[in-house]
Amino acid sequence: MKKILVGLQKWTPNELEHVLSYPNEQVSGIILGDPFCEYHMFQHGDFDLIEFAEKAKTVGKVVVYQTPVYLTHPIFDKTLSIIQYLEKKKVCDWILAQDVGLIHLCSKNKTTIPICWSVWGYNRSNFISYNLVNFLMSIGIQGIEINNPSWGEHVSCLNLQVFLNGYAPTVVSFRQTCYVESVYKTHCNNGDLCQKSMFIIQDIRRNQTLTINGYVLEMNIPPKLIQSETPPDWYTIHLQTSDRLGDLLKKVSENEPSKP
Amino acid sequence: MIHSTSLEVLAPASSIEHVEAAINAGADAIYIGIKGLSARPDNWSFSLTEAQEIVNLVHRSNCKIYFAVNAEIGEYNTKDVQELLGHSTCTSCDALILSDWGVIRLASDMNMGVPLHASTLLGVYNIPTIRVLEEMGVTRVIFNTNLLIHQMAELSRSVPSMSYEIISYGGLCFNDNRRCRLPHYISNGNYCVGCKDNYRYVNDQGETQTFSIGFADIDLTPIISQYVSIGVSSFKIEGRTRSAEYISHSTSILRKAVDNYLASEKKHISYYYI
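For the protein sequence lines, the chains are A and B, in the order given.
Read left to right, the first sequence gives residues 527 to 786 (the working numbering).
Read left to right, the second sequence gives residues 6 to 279 (the working numbering).
Calculated directly from the structure, the hints in this document are not laboratory data.
Check each hint, because a few of them may be wrong.
Said to hold, decoys possible - The calculated lysine-lysine pairs, modelled on DSS-like cross-linking and capped at a C-alpha distance of 30 Å, are:
no.: 1; chain 1: B; residue 1: K272; chain 2: A; residue 2: K750
no.: 2; chain 1: B; residue 1: K272; chain 2: B; residue 2: K69
no.: 3; chain 1: A; residue 1: K536; chain 2: A; residue 2: K776
no.: 4; chain 1: A; residue 1: K636; chain 2: A; residue 2: K616
no.: 5; chain 1: B; residue 1: K201; chain 2: A; residue 2: K711
no.: 6; chain 1: A; residue 1: K604; chain 2: A; residue 2: K581
Said to hold, decoys possible - Each pair of labels, with its calculated beta carbon distance range:
no.: 7; chain 1: A; residue 1: S651; chain 2: B; residue 2: E270; range: 40 to 46 Å
no.: 8; chain 1: B; residue 1: T96; chain 2: A; residue 2: E577; range: 39 to 45 Å
no.: 9; chain 1: B; residue 1: Q214; chain 2: A; residue 2: P539; range: 32 to 38 Å
Ideal placement from N, C-alpha and C gives every residue a C-beta, glycine not left out.
Please put together the full structure from these sequences, using the hints given.
See below:
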C-alpha cells in the first residue's frame, strides 16, 4: 500500500477538512507550503500553515513542510523560524528543501526534523548522479524526492527515504519575480490579482499553450500519473483542488505494483 | 573596501577567432565550453586538444582562461566529468566554472589546484550557501540572474572573502536559468531561447496581446560603478554562440567602461590624498 502525501495549490479550511476526511490508509499526509509565493497557497499566510499542520496532526496525518525555492534574506530567516516553530509544536514530520545552505544549517544544529531534497532542486532535466546524492547526504538529507522512477531503486539502497513525485503539473519555467505582476505591471495586492488571473498564453512558434500561474509557467495539459516498479516510501500528488482526489486515489491504487 | 584594480572583463569564446577578438579588444579573461560538458551545443565548444591550444594562446597573451563545465550532469556523463577533471589540460586552465553540486564536491575532493567558480546555474541565494561553497574551496560566485541588486549586495557584504561575478552584457535569463525548460534551439544558425519568442494572450474581453516573456539583451556598462560598489569584481559577457564581431564589440565596450571607472576612482583617490 502506497503512503500518499497530498499537496494542493490552495489550502482552505474546507479543502483541508475534505483531504483529512480520507482514512490514513488512503491519504497518509499532506504537504503544506508554497515553493514560490507567500500569498498563493494560504489566505492567512504562515498562520494558516501552522494551524493546518496542527489540525492534520490531530487526525494522525504526516505533515510535510515545503520550503520556498528562493531563500534570499529575509525569507531565509523566516523559513528557519517556521521550521523551528513547527518542531517546537511537534507538528511537522518532514521538510522538503532545495536550498543547500538551509539544509546544511538545519541538519547541523537548527532542527531534528528530517530533510528531503525536493524536486525543485534539480536542473531542468531532473538529472541525478551518485556524486550529487552523496553530496546531499553529506550535508544532511535523509530523503530524496524524485520524478524519475528509475532512480528509486538506486537511492533506496543508499538508506534514503524515497519520495516519488507521482502527479504534479508540468512546470516549464519559473522565476523570482511573479509573471502575473509583470504582465499586469502592478502589485498583486496580497494575492488578489493572482486569485482571479490564472491565464493561458500561446507560444506562437510552436503552437503550444502555457498557463501563467503566479511565479510558475506550466504546460496547459493534465499531469501524467508516474508509477514505479519499485514502490517508493512516499508517493506525492499535487492537485489544484481536492475535487479530483477520490478519482486519483482510485487510479493510484489500481496501478499499485504487486509486492515481490 | 573595493579592490577595483582587480576588476575583470570576462569574454566568451567558441573559436580561435573569438579568442583573438576578445584578446585584441582587451579581455582580462576568456571562458570556453568543453565538448559534451557545456551548456551550449558541441559546435560552440572545444575538445580537450583544442582547449589546450586555446590555453596556450591565451596564456601567451597574459590573459586567463576558464573552462565552463555547466552541462546538466547525470550518471550518464559523470565519467566524462571525472576524465576531464583528471586531464592535464584541465589543470592548466585558470578556473573551472561548475554548475552541479556533485561536480563541485568531486573537484574539491580531487584538490586539483585549479580555482573553482560557482556558476550562475547553481542558484546561490543566501549566505549559508556561500559558506558551504567556501568550505568546498570555491573562490568565486557568479550571481544568479534572478537576484536583485540589493540581494547581491547583502551577499557580497556578508562574505567579502568570496569574489563575485555578474553577467553584464548580452543575453540574460529572465526565468530561473538553472531550471528553465523553455525550448533552447538553433534557428538560422543562431542559438535561440524560448523566452525570446513571441507569446499571445487573449484577455477576458477577447483582446489579444502579443509579448515576449524574456528580457532584451542587457548592457550594464553605464552602471558598472554600482556593481563595483556592491562587491562585483568580474564582468562577464554572454554570447559564446555569437559572432567574432559581437565579441570584439562587446569586449571593447566593457573594457572602456571598466577603464573609465578605474580612471575615475584613481582621480578620486588622488584628490583624497592632496
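Hint check results:
With a C-alpha separation of about 64 Å, the suggested pair K272/B and K750/A falls outside the 30 Å cut-off, and the hint is violated. Between the alpha carbons of K272/B and K69/B the distance comes to roughly 28 Å, so the proposed pair stays at or under 30 Å and holds. Between K536/A and K776/A the CA atoms are separated by roughly 22 Å; this keeps the pair inside 30 Å, and the hint holds. A hinted pair counts as satisfied when its Cα atoms are at most 30 Å apart, and K636/A with K616/A qualifies at roughly 14 Å.
Taking the CA atoms of K201/B and K711/A, the gap is about 19 Å. The hint holds against a cut of 30 Å. A distance of roughly 22 Å separates the Cα atoms of K604/A and K581/A; the hinted pair therefore holds under the 30 Å criterion. One distance hint, 40 to 46 Å for the beta-carbon pair S651/A and E270/B, holds here, with the actual separation near 44 Å. Between T96/B and E577/A the C-beta distance comes to about 56 Å, which lies outside the given range of 39 to 45 Å.
Look at Q214/B against P539/A: about 37 Å separates their beta carbons, and that is inside 32 to 38 Å.
The earlier numbered hints that this structure contradicts are 1 and 8.
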